[in-house]
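K.L.:
So the protein lines, in turn, are chains A and B.
The opening position of the first sequence corresponds to residue 1 in the working numbering, with each subsequent residue numbered one higher.
The opening position of the second sequence corresponds to residue 67 in the working numbering, with each subsequent residue numbered one higher.
Source of the hints: derived by calculation from the structure; they are not laboratory data.
Just so it is clear, CB atoms sit at the ideal spot from N, CA and C, and this is done for glycine as well.
Keep in mind that a hint or two might mislead.
What the hints assert, rightly or not - Computed footprint of chain A on chain B, listed as stretches where at least three residues anywhere in the stretch have a Cβ under 8 Å from a Cβ of chain A:
| # | segment |
| --- | --- |
| 1 | 99-113 |
| 2 | 370-379 |
Claimed, not checked - With beta-carbon atoms standing in for the labels, derived distance ranges:
| # | chain 1 | residue 1 | chain 2 | residue 2 | range |
| --- | --- | --- | --- | --- | --- |
| 3 | A | G37 | B | E167 | 34 to 40 Å |
| 4 | A | K64 | B | R222 | 20 to 26 Å |
| 5 | B | S390 | A | E46 | 37 to 43 Å |
| 6 | B | D176 | A | I35 | 38 to 44 Å |
| 7 | B | G248 | A | K64 | 53 to 59 Å |
| 8 | A | E60 | B | E167 | 51 to 57 Å |
| 9 | A | I22 | B | E83 | 23 to 29 Å |
| 10 | A | K64 | B | E167 | 54 to 60 Å |
| 11 | A | Y30 | B | G98 | 17 to 23 Å |
| 12 | B | T128 | A | G37 | 37 to 43 Å |
| 13 | A | E60 | B | M332 | 37 to 43 Å |
| 14 | A | E60 | B | A259 | 21 to 27 Å |
| 15 | B | K294 | A | K64 | 50 to 56 Å |
| 16 | A | G37 | B | E157 | 19 to 25 Å |
Claimed, not checked - Here are some, though not all, of the chain A residues that point toward chain B, as calculated from beta-carbon distances under 7 Å:
| # | residue |
| --- | --- |
| 17 | R42 |
| 18 | I43 |
| 19 | R47 |
| 20 | E60 |
| 21 | W62 |
| 22 | K63 |
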Amino acid sequence: MTDTNKFKLLIFLTTALTVLIISFNLLQDYLMPEIEGYLERRIYYERVISKKGLSLHRGEYWKKEE
Amino acid sequence: MGKKVQCELCPTECVLEDFQIGGCSVRINKGGVLYSLVYGKPCAVVIDPIEKKPFFHVLPATTAFSIATAGCVLGCKFCQNWQISQAKPEETDNHDLMPDEVVRQALFYDCRTITYTYTEPTVFYEYMYDTARIARRYNVKNTMHTCGYIKEKPLRELSKYMDAADVDLKAFTEDFYSRICGGRLKPVLDTLAVLKGEGVWLEITNLIIPTLNDDMKKIREMCQWIVKNLGPDVPLHLSRFFPNYKLKDLPPTPLETIRDARIAAMDAGLKYVYMGNIRSDAENTYCPKCRNLLIERIGFFVKQINIAGGRCKFCGTAIAGIWS
């Protein structure tokens, strides 16, 4: 690989990393709590509720949120 | 991640994300479908005198097969059963008792009624509803002790199978419901009106708590509302408060307060006003016309009944209630 190609690759990787870091900083406030909350709830369900032998009976009187 | 769902069972109307559990602790959104976690899983199964519910005008001196699951739609700071009502179903010791088995056991133990009680039966709505439908087929009556915090549609559906309801009217101010219970008064009043309209026998319990809901003016207003909207035949149980749960710093209700409230209720036109959690002759039922003693009680024990065919044995006046 020539020095020019190495330099181009370095520029590409640096740009990609910068974009990723900026995107993460911009979106983490929106995405992270949702994902964290979901994982917490899911783990609690799998580790505690599902092992307690509780039933899952389809409920009446609810609707899907639009 | 699944879709959000909105529960439409109680006026809280929780919006739940995937794997989120409602404020009642017993309803979960799993993959965009709402499930009950307590169907067939009661944490309390007890045979009680029906007077303990309290029902004073429903089959006196009989027993009630009483069941409850964990959970509640409210969070009253004075709750007498907070150990189970404020618990999650994964924290309580639960029985395996499907609806047909509840009815079979009620029949086996010679219970004339099944009562959905101790915690708030709205949270185990599907379990209660299915049990009530089977019980009706076997001529076992269905009764519930409820806070009345339920939406109209499920309540009307349930009313088809419910014979009697004892509703806790905890106070007559929105402020009390909001600060002390985490709910609202209006839906409870709506529930009372719906139950009356659907022909469900009604009794009302009002726990009088010093400094929080012992204002005689408000008690009078409440009694006037009952007479106007539900009629004078609805029995009212004025109960004495004892320090409990998050209100341990308050004293028990003074006897004079309960007596004054009873006088106010009778002045408002209510025919049957009882004092609860106090041994007195205000536990007895008297004929509203001839004033003779109809049912003598000591606590939950019935000593004598002078009602025959739903009428006073002495003067023949019809006494409102379910007597056979």
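K.L.:
Which of the listed hints are broken here?
P.N.:
2, 5, 6, 7, 8, 10, 12, 15, 18, 19
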